[in-house]
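*Asks:* With full-length UniProt numbering, the residue at position 175 of the sequence shown is 175, and numbering never jumps.
Don't read these hints as lab results, they were simulated from the structure. All values reported here derive from a predicted model rather than from experimental measurement. Where a beta carbon is used, it is the ideal one built from N, C-alpha and C, also for glycine. Wrong hints could be hidden among the right ones.
[What the hints assert, rightly or not] Distance windows between CB atoms, simulated:
1. Ala200 with Ser115: 16 to 22 Å
2. Val201 with Leu105: 40 to 46 Å
3. Ile100 with Phe25: 26 to 32 Å
4. Glu218 with Thr190: 44 to 50 Å
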Amino acid sequence: MFNLVIKDILIQKKQLIFSLVYLVFILVTFQGMGEAMFPMGLVAMAYMLSMTACAYEEKNRSDLLLNSLPIKRESIVASKYLSVFVYTLMVTALYEAMVIIINILNIPLKTFPLSLEMFIGGLVAVCSMTGIYFPIYFKFGYMKMRVANFVLFFLFFFGSSYMTHFLNSNHDSLLVNGIINFFNTQSDITISLVLLIIIAVYMLLSFLLSAWFYNRREF
Numbered sequence: 001m002f003n004l005v006i007k008d009i010l011i012q013k014k015q016l017i018f019s020l021v022y023l024v025f026i027l028v029t030f031q032g033m034g035e036a037m038f039p040m041g042l043v044a045m046a047y048m049l050s051m052t053a054c055a056y057e058e059k060n061r062s063d064l065l066l067n068s069l070p071i072k073r074e075s076i077v078a079s080k081y082l083s084v085f086v087y088t089l090m091v092t093a094l095y096e097a098m099v100i101i102i103n104i105l106n107i108p109l110k111t112f113p114l115s116l117e118m119f120i121g122g123l124v125a126v127c128s129m130t131g132i133y134f135p136i137y138f139k140f141g142y143m144k145m146r147v148a149n150f151v152l153f154f155l156f157f158f159g160s161s162y163m164t165h166f167l168n169s170n171h172d173s174l175l176v177n178g179i180i181n182f183f184n185t186q187s188d189i190t191i192s193l194v195l196l197i198i199i200a201v202y203m204l205l206s207f208l209l210s211a212w213f214y215n216r217r218e219f
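The whole structure should be built from the sequences, with the hints applied where relevant.
*Replies:* In structure tokens, the structure reads:
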């Protein structure tokens, strides 16, 4: 399974270079976004790398080769989910390195050192998107859902803005007020653990659905 993850990384050398350029673009262009700069860049880059790996695999018909080998389909599916966390760690390390370089060279850019809240927020956002993307991909394949990929990407960002507006507009409602009060009375560690548990259950359900779809696909 880990070899499949390494394979996905190696076939994306050009995409990894583009990711570096894109991260520089975010650090320079979106100075006014504050700490949201990291989660936004992480989501875009991790989702893009996940999607590109699937595109290369289908373009080169690698799925036919993989299914002819003694590899369980569940392992193929699991490698895609594992790669999401590998991409997340890669982008996080790259972001931290760039922040350190900017500070050492005294480049006139506002930087935001990575915090636990920023990392958890970015991880939750990445998992939220890929947890929807992968079941659809393993059901229909990449070519049949090219348009859906970009629709999902933009819906996520516009949906996030709408959700923020909704919460701000309905902060007096009992449900929203109860959620806000719960998080306000908890420590950062407790909130992080709750979010990690929720996202772990969410990704497990997404994986089971993806595996179920993939086991029923014909090649």
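*Asks:* Next step is simple, just say for each hint if it's right about the structure.
*Replies:* Here is how each hint holds up against the structure:
Taking the beta carbon of each, Ala200 and Ser115 are about 21 Å apart, inside 16 to 22 Å as hinted. Our hint of 40 to 46 Å for Val201 and Leu105 holds, since their Cβ atoms are close to 43 Å apart. Ile100 and Phe25 have their C-beta atoms about 19 Å apart, which leaves the hinted 26 to 32 Å range violated. Between Glu218 and Thr190 the Cβ separation comes to about 47 Å, which falls inside the hinted range of 44 to 50 Å.
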